[in-house]
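Construct all of the structure, not just a fragment, from the sequences and the given hints.
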Amino acid sequence: MAERSSSLIFAPSETTTASRIADLICSDAGLPANSCPVCTSAAMLRGALTHVPRERCLAVLLASRSEELDQMVALSGWLQDLPIILMIPDSDSETIAKAHRLRPRYLTGPPVDWDELRAVIRQILLPSRKPEAPEPQSPPALLVALKGKTDRFFRIRQTT
Amino acid sequence: MSKVLIIDDDSGVCRTLKVMVGQQGHEACTASTLAQGLEMIARESIDLVLLDVHLPDGNGLEKIPAIAQSPSRPEIIILTGQGDPDGADLAIRNGAWDYIEKSSSPKAMALRFLRVLEYRTHKNLLRRALPVDREGIIGVSEPLMQALAQLSQTMGSDAGVLITGETGTGKELFAQAVHRNSPRKDKNFVVVDCASLPKTLVESMLFGHVKGAFTGADTARDGLIMQADGGSLFLDEVGEMPLGLQKSFLRVLETHRFRPIGGKQEVASNFRIIASTNRDLDEMVAQGRFRKDLLYRLRAFHLKLPALHQRREDIAELALHHLQRLSAIYGEPAKEVSPDLLEVLSAYDWPGNVRELVNTIECVLAAARYDAALFACHLPPALRAHAARKRLVKPTATATPGTMPPAGGAFPLLQAVREAAIEKAEADYLSALMSSVQGSMHKACSLSGVSRSRLYELLKKHAIA
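Protein sequences appear in the order of chains A and B. Here this note's numbering is used: the first residue of the first sequence is 1, the next is one more, and so on. Here this note's numbering is used: the first residue of the second sequence is 161, the next is one more, and so on.
Keep in mind that a hint or two might mislead.
[As the list claims (entries may be wrong)] Derived DSSO-like pairs: lysine-lysine, alpha-carbon spacing no greater than 27 Å straight-line: (1) B:Lys-178 to B:Lys-267; (2) B:Lys-283 to B:Lys-359; (3) A:Lys-98 to B:Lys-347; (4) B:Lys-163 to B:Lys-267; (5) A:Lys-98 to B:Lys-267; (6) B:Lys-345 to B:Lys-371; (7) B:Lys-283 to B:Lys-163; (8) B:Lys-584 to B:Lys-620; (9) B:Lys-371 to A:Lys-98.
[Claimed, not checked] To be clear about the criterion: a stretch of chain A counts as covered by chain B if any three or more of its residues have a C-beta under 8 Å from a C-beta of chain B, and this derived list gives those stretches: (10) 7-15; (11) 20-34; (12) 58-72.
Quick caveat, the hints were computed from the structure, so don't treat them as lab data. Fair warning: this is a prediction, and the values are worked out from it, not measured in the lab. Heads up, the beta-carbon is just placed ideally off N, CA and C, and yes, glycines get one too.
Written out as structure tokens, the structure reads:
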């Protein structure tokens with residue numbers, strides 16, 4: 001499994017701002033450089049989510065166009081446990097209404113107030129806010145021995 | 161106000177009890193015979209029947225089932241002039257709430273009336289609960305259903321809602337449900353996370369500012385209060401709100417008007433306030449860290465969310481729901497779940513509540529990424545160790561003198577001795593508990609970790625006033 005990070009950025013087109021925010025997060029949270037993945041597509045976001053412990057993950061979403069915000073709202077189910085910082089393309093009431101469907105902890109619009117953003121990131125990533133994490137799991141050793149009992153199992157329905 | 165029917169042929173007793181009930185703010189009516197009483201019960205909606213045993217036309221104990229099954233299904237307290245343990249036992253077994261002697265002190269009687277009527281109010285609340293849109297709120301346990309019943313009471317109102325509960329119990333989920341079940345559901349649900357926003361920023365985020373209000377305010381910005389116009393403003397972790405800001409926010413709650421930072425004009429915003437906290441705001445008020453007037457404004461409705469260990473029967477359903485949800489997010493194929501996994505999950509106490517359960521499920525999915533089925537062995541080691549320890553540690557019940565078999569005599573069944581010891585321990589615990597909280601059910605529930613309805617049941621079972 002890839003190294004776990006505590007933040008991810010979804011920026012379909014705002015890659016320059018995204019890189020700057022990634023650097024900011026890594027320096028402020030004391031994370032190794034490049035440990036805050038910048039995703040530019042839904043597929044990349046899904047991939048990143050599988051490597052991120054959700055309980056400690058900050059999601060930064062940068063929407064530079066209305067359609068990108070629509071895409072983020074459509075993916076809100078994937079992001080529902082994560083604290084979200086959201087940058088919106090404009091301050092129209094329709095945009096604001098869409099933005100609140102993602103229940104962001106911090107909403108900013110262009111231009112980005114970097115001091116404010118930095119203060120919020122620090123506050124969210126403060127260690128005292130983080131709940132205790134369960135210990136990481138080691139590879140299952142008993143699985144093979146127990147596999148004979150499948151007729152008693154519950155099945156999870158797959159939803160897409 | 162509840163309605164109490166006193167069935168007793170002693171007019172003096174009827175008069176005294178009627179006054180006592182009236183002093184507690186309830187309405188009382190009387191009947192001097194069983195027939196008259198039963199007729200009134202059939203005709204009127206009665207909450208509590210105080211029933212004498214020896215009546216001119218029969219024995220009150222024999223009519224308990226009929227009274228309990230009447231349309232308003234009232235609670236029943238048996239009154240008698242003389243102590244009769246067998247009669248008390250029969251009364252309780254037949255469905256009476258309690259059995260008290262007429263010679264009891266007025267204070268003891270009043271406390272029992274108060275308790276049974278409190279229970280009744282609580283039960284009615286559940287019965288009157290309206291159907292709610294509970295999207296994402298999983299489970300059917302009684303504590304959860306009570307919380308949903310409380311939620312349903314907020315539907316027809318625009319008053320403030322305070323949601324309390326331990327970390328990870330789903331306060332934000334309930335806040336969303338309050339919004340979704342209100343007439344404001346088509347407008348914004350605006351989150352103000354008082355813990356995520358630096359204290360220096362909360363005010364400007366809430367109120368917004370005009371251009372040039374301070375260094376760096378190059379453009380005007382609408383605050384979150386304005387963005388919540390027509391909808392709901394959710395103050396998450398409201399206990400973290402700076403004291404200085406509490407005063408100005410209280411004014412906003414009272415007038416629904418505010419002045420953006422640097423602005424000259426007040427602006428209006430019509431929003432409903434919903435707040436949540438895992439802190440004891442009453443305690444904070446006592447310490448001078450939270451404004452009492454603000455607390456009253458926020459707490460027009462109070463939803464208390466149960467901890468996960470208080471709704472253990474929901475754990476399996478919650479686990480399956482989140483397994484399915486997370487599998488879909490990760491694009492994982494459907495996996496089977498072994499009963500032993502659910503058993504371990506259900507037995508654990510979950511100090512971090514649903515959030516901890518979800519995190520654990522995430523670990524399970526990661527550990528079983530290449531497997532078709534999920535077993536208890538995929539759980540984090542700490543959790544498996546806890547489960548193993550629980551299986552190995554046997555309860556060390558102390559034998560009480562009354563339950564020990566006589567030396568050389570016939571031994572009773574171990575099960576009977578064990579049950580008697582447990583009963584005694586339970587009764588002792590409850591007596592000590594109720595005495596230490598001086599009758600406060602709220603404190604008793606909080607200290608014991610037992611739900612209110614379960615505590616009522618136990619008090620009734622052990623006849624503890």
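| Out of the numbered hints, which ones does the structure contradict? | 2, 5, 6, 10, 11, 12
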